[in-house]
Amino acid sequence: MPEPPLPPAAVAWRLAACPGGWRSDLKAAIEQGDFVRITELAEQVHEQDAALGKVLVKWAYDFDLDAFTRALPDAGTAPALAEG
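Numbering-wise, the numbering used here puts 74 at position 50 of the sequence shown, and it's gapless, one number per residue.
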């Protein structure tokens, strides 16, 4: 049985843990709609985090820019914690 995909919050946190330069490159590729570059970057992260890489490669294969922008709203910051 295949592993379930990562939930969106887990994707966001794993992306936030990636090097800042890599996240900046990914954000630029997303803004340009450059799926060749997005796929290259997803394959790079797959070497360090197979589960995250699998999700990102699938999104790239599906041309799902919305999924990328939801998970990586700003390349320079980590996802915000709920304030209370």
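Treat the hints with care, as some may be off.
Okay, derived cross-link-like pairs now, EDC-like style, lysine to aspartate or glutamate, Cα gap no bigger than 16 Å in a straight line [claimed, not checked]:
(1) Lys78 with Glu55
(2) Lys51 with Asp88
(3) Lys51 with Glu64
(4) Lys51 with Asp90
(5) Lys82 with Asp58
(6) Lys51 with Glu71
(7) Lys78 with Glu67
(8) Lys78 with Asp88
(9) Lys82 with Glu67
Note that these hints are calculated values from the structure, not bench results. Predicted model, so just to flag it, every value in this text is computed and none were measured.
What hints, given by number in increasing order, does this structure fail? 1, 6
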